[in-house]
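A.B. asks: Here are the chains, one letter per residue:
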Amino acid sequence: MLKRTSLYTAHQKLGGKLIEFGGWEMPVQYTSITDEHLAVRNAAGIFDISHMGEVTVSGAGAEAFLNFVLTNDIRKLASGEGQYTLMCNERGGVIDDLYAYRPSVGVYFLIINASRIEADVAWLQAQAAKFSGELKLTDASHHYGAVAVQGPRVKEFINLVIPGSSSSVFKVNAVTDLKKNQIAGFNFENHSLFVSRTGYTGEDGFEILGSEESIQHLWDKMISVGQPFGLKPAGLGARDTLRTEVCYPLYGHELDENTTPIEAGLGFFVALDKGEFNGRAVLAEQKANGVTKKLVAFKMTDKSAPPRPHYAIWSNGVPVGEVVSGTQSPSLGIGIGIGYVPAEFAKADTKIEIEIRGNRCAAVVVKKPIFQKA
Amino acid sequence: MSNVPSDLKYAKSHEWLRVSGDTATVGITDHAQAELTDIVFVELPAVGRKVKAGEACAVVESVKTASDIYSPVSGEIIAVNSATVDSPALVNTAPDTDGWFYKIKLSNAAEVAALLSPENYKKQIGG
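These protein sequence lines are chains Y and R, in that order.
Numbering of the first sequence is given in our numbering, commencing with residue 65 and proceeding in unit increments.
Numbering of the second sequence is given in our numbering, commencing with residue 20 and proceeding in unit increments.
The shape of chain Y in the complex, shown without the other chains:
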């Protein structure tokens, strides 16, 4: 039996095509992936992200604990701020990539991938058992629904949907006063919502968490208020094409337990100088001496079928690597992808070939992100 979010009926009403994702029944598209993708790039789109997980961490030892299990430096967070970070095993392999927020002093909120909720919670609990400080760790995933509203026009209407100033310790006068990565609490129809200025599309936007009931009301109000601004409901298909264009990783593709953040090009989010943390020794060695496999972005240079995950990457007549994400880019009208190759093929402008159904098709390594607005 697949799990359903509280917005399941809303998806059915909007004609969503439902598929299985990470044990959930979710909409892959409502009208077309291309339409929904372009709506996000040019106006606005709204995504159901209720399947994602939430973990709250508090107690006097919370900061030290999180700085040991996560790669980024959590001490950098002011109240009302969040950071992208990764959770690694002792080999530096990625257990999950996530966002860590500090809504107020001593309280942390982790937003984790839907497909990794069980693995992450088990890992955190095992780590907590070995930790000697005061710690309270709660898997709050079933308490929260969530939506993401993304696109250049979102700032024109979101204050109309969630009016007023924040109700949290961290104060802003309006939702649109949140700066990138900031998070605050807002009242919405007698409910409390968390709103952060974050997203997974490369566009300006917000992610909003609340109780299942409040998210249902929020979705309906957002759809009706946002519609004259061009807001469209968008599914997992568009979510994938949008994040691939800007080279954001998707766990299970760019990241897994046998891949390190350094190999994935995410060294910026690994704070080697903060002290000891899980995987530090391996990551320090890789940062110092280099890696054998490296994540690259590429574009097809001739008209071809789209590259897809697991297709082989060739160079000089030899297979050298593998595609982890690939699609036809709705914004660029050409095949694009991300894959792992040996470090010597990782420079921008390196010519490669992607094997697509037995044919080797010309492509070129490009700098990330593949798509950038002018």
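Keep in mind that the hints are not guaranteed to be accurate.
[To be verified] As a list, the in silico BS3-like pairs of lysine-lysine whose alpha-carbon atoms are at most 25 Å apart: (1) Y:K367 - R:K122; (2) Y:K81 - R:K31; (3) R:K142 - Y:K81; (4) R:K141 - Y:K81.
Derived by calculation from the structure, the hints in this document are not laboratory data.
Since we're looking at a predicted model, the values are computed, not measured.
With chain Y's structure known, arrange chain R on it following the hints.
C.D. replies: Relative to chain Y, chain R alone:
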């Protein structure tokens, strides 16, 4: 509701056949293109290739998936529609007409009778 023209025969795998003497034209149905949505790439067989009924001989790719096209009948490919290769979206906008894939010289005309009538295809897609 999907368009199901009455002058065509249909395969269970959602290809249609328009017969004209001893040759026929092949494409995919309105129902199929609506399921795939945005078609971004079409790969057609080479002219001169001989195919058997049920053999995979073309590919359409949407943003999310690649789908094989199975020849409804046996014969020799005598023409392909390069318009769909240049503009894959044609298959979405005109699947029963301008979005045709290839023309085939039938080697076994009896196979046509084994295909679905418009009424039976409509039943299959729940129309």
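A.B. asks: Decide, hint by hint, whether the structure agrees.
C.D. replies: Status of the hints after comparison with the structure:
In summary, the hint linking K367 (chain Y) to K122 (chain R) is supported, as the alpha carbons are separated by about 24 Å, within the 25 Å threshold. Between K81 (chain Y) and K31 (chain R) the CA atoms are separated by roughly 22 Å; this keeps the pair inside 25 Å, and the hint holds. Note on K142 (chain R) and K81 (chain Y): the hinted pairing holds, with a Cα-Cα distance of about 21 Å set against a maximum of 25 Å. With a C-alpha separation of about 21 Å, the suggested pairing of K141 (chain R) with K81 (chain Y) holds against the 25 Å cut-off.
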